Amino acid sequence: MGANFVRAMHEQISKSQRRGLRRRAEDVDDSGREAVPESAAPAPRMPASKPVVEFRGVHMSYPGGTTALDGATFAVERGEFVFLVGQTGSGKSTIMRLLTKEIDATSGTVRVAGRDLAGIDRKKVPYYRRNVGVVFQDFKLLPNRTVYDNVAYALLVTGHSRKEIRRRVPDILRLTGLATKLHSYPDQLSGGEQQRVSIARAFVNHPPLLLADEPTGNLDPETSIGIMQLLYRINRTGSTVLVATHDHAMVDRMRRRVIELESGRIVRDEATGLYTRDENTREFAARMRGDFPAGPEL
Amino acid sequence: MESVSFFVREALRTLRRNAMPSFAAMVAVLVTMLVLGVFIPIVQAANGAANSVRGRVLVDVYLTTGATPADVQGVRTKLDGVSGVGKVEFVSKAKAYATESKRDPEAYALLGSNPLPDTFRVTPKNPDDLTKLKDSLLQVKAGDPRIDSIRDRRDDTSKILQATKFVKITVGVLAALLIAASVLLVANTIRLSLFSRRREVEVMKLVGATDPFIRWPFVVEGLIVGTVGSLGAVAILGFAKVALLDPLANDFALIAAPRTLSFPLLVLILLGAGAAVSALGSVASLRRYLRV
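Chains as they are written, first to last, in our numbering: chain A, 1 to 298; chain B, 1 to 292.
In short, the hints are calculated from the structure, not lab data. The structure presented is a predicted model; accordingly, all values stated were derived computationally and were not measured. Where is the CB? At the ideal position from N, CA and C, for every residue including glycine. Each hint should be verified, as a subset may be incorrect.
One side only, chain B facing chain A, incomplete, derived with CB under 8 Å [unchecked claim]:
#1 E2
#2 D128
#3 L192
#4 S196
#5 M204
#6 G208
#7 A209
#8 T210
Between beta-carbon pairs, the in silico distance windows are [as the list claims (entries may be wrong)]:
#9 L268/B / N144/A: 36 to 46 Å
#10 D171/A / V8/B: 27 to 37 Å
#11 D171/A / R291/B: 31 to 41 Å
#12 E164/A / A24/B: 33 to 43 Å
#13 E2/B / H246/A: 18 to 28 Å
#14 R166/A / A276/B: 37 to 47 Å
#15 G238/B / S184/A: 43 to 53 Å
#16 K163/A / V8/B: 15 to 25 Å
Starting from the given sequences, assemble the full structure and let the hints guide the process.
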């Protein structure tokens, strides 16, 4: 049952997503920047049938009585790029943990691709998680394995064949700009590079949903822009991306949908107001760096 | 197939990383298996001895020295009628003299004449009913002047039975303690490797590895510890057998005792026990400390 659901979820998105991904991967040279300017190809944004993520009146209290979420209701459509902002303890991470089904909501429903997470059997949770990529502030890389092996590990432990791993890992490392770091160990990489590895690992299965919990929390602003650029690129391949952050400057520049939380309540949900037109990743990066402050808004 | 090689590689990697505790657990398994390997044959030999003694449980009915063949026939008929009697064997004076004098020719040569009475050896149907049988035979004796005395050999047999029982209990307790220690040490090793692999476990959960996939490397690790430990014990036992026991077996009948199991079978038992002990230890630790 769970496996079917997972397959369906994949099929909805994977085709166009993979096509986009492959094309984009070819455009990227080792530095992580595009070698050839892209045409303004619209991101594959399909007609919204079911939201990818749907929270309806979700309450979450941890044992001990702390209320982490208090009636959170929102929906994220396929292909959206959404920021979750708010102070520490406002419930961002709780939303992330609910979405990976690490914890279950006290009340209310959490749906992913139309499927109620409460209805997923414990044994099927791993199969569900294969469709959700997760990126953390502390990278969670394996220190005694190379970059290649770190990414390959994710495929290995989900039962992929060696052949498949050999085919997929170089692809994803090229996409994330790590093609020259294949045999480096995490402690030989900069913070930004480590985060790229962790994004590569999260995305190597091409999950339809990518969660990033404070992905730039440990990084300097310039490196952060690189990471955001990478997340944006992934978003443009069709994956829905949810980023929790407290980096307001970054959020303001990105001009994407923002959901703000304050002690477990959603206090702001600016959906499309600040949306910019579709831009390619280089334009995106230029705007992020503030090269043309007005931004190419339409 | 690839999964299996993954489990083995991961297990070996952790074993290398936790060399000391793994080694300790291995040695514990080795010692346990060594003790089992030594005592299983010993217990078996003791058991064999006890059983042969038990088979010899019988009551001797001695007739008076002047008993005629007619008396013998009469007593035999009587004995056959007693309840609980399994087998009645007649040992004539002459026959008893022949066997006894063979055992100690000089003493019997000195005696000159045959002092031995005619004897019936009565075996009970059930060895445990010896006392009952003796009682009923004593009743028979009371009304029959032809019977001189009735004796059983309970003292000898009960001593031997007691000794084997003692050996068995001691070995049982020792084995139980050693097995418990091995299980705990293996469990501890697995717990440590759980700790050293917690990042891997976290990542595996994160990317959606199934629970069995997360658990198997630890079980394989435990199995490796157990198997290597038992193999070490088997090697030592094999060496001891070839170098010490086999040369001695020609001189000491007890070592060559029959009814102990063959060496290959013992090896199989030890390997199986080693694997079982380590699997038990791994599972105990995983249950307790790995929440997947």
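Hint-by-hint comparison with the structure:
Satisfaction of the interface hint for E2/B is found here, the shortest Cβ-Cβ separation to chain A being roughly 6 Å, below the 8 Å cut-off. The restraint placing D128/B at the interface with chain A is violated, with a minimum CB-CB distance near 55 Å, outside the 8 Å limit. Interface restraint check: L192/B against chain A, minimum CB-CB distance 16 Å, threshold 8 Å, status violated. For S196/B, the shortest C-beta to C-beta distance to chain A is roughly 10 Å, which exceeds 8 Å, and the interface hint is violated.
The restraint placing M204/B at the interface with chain A holds, with a minimum CB-CB distance near 5 Å, inside the 8 Å limit. For G208/B, the interface hint holds, the least distance from its beta-carbon to any beta-carbon of chain A being 4 Å, beneath 8 Å. Because the beta carbon of A209/B sits about 4 Å from the nearest beta carbon in chain A, less than 8 Å, this interface hint is met. Below 8 Å, beta-carbon pairs count as interface contacts, and T210/B has one with chain A at about 5 Å; its hint therefore holds.
A hinted range of 36 to 46 Å for the beta carbons of L268/B and N144/A is consistent with their spacing of about 38 Å. Restraint check, D171/A to V8/B: a C-beta distance of roughly 28 Å satisfies the suggested window 27 to 37 Å. About 34 Å separates the C-beta atoms of D171/A and R291/B, a value consistent with the hinted range of 31 to 41 Å. The given range of 33 to 43 Å is respected by E164/A and A24/B, whose C-beta atoms sit roughly 40 Å from each other.
Against the hinted window of 18 to 28 Å, the Cβ-Cβ separation of E2/B and H246/A comes to about 42 Å, which falls outside the hint. About 39 Å separates the C-beta atoms of R166/A and A276/B, a value consistent with the hinted range of 37 to 47 Å. The given range of 43 to 53 Å is respected by G238/B and S184/A, whose C-beta atoms sit roughly 49 Å from each other. A C-beta distance of roughly 20 Å is found between K163/A and V8/B, which places it inside the suggested range of 15 to 25 Å.
In the structure shown, a violation is registered for the earlier hints numbered 2, 3, 4 and 13, in ascending order.
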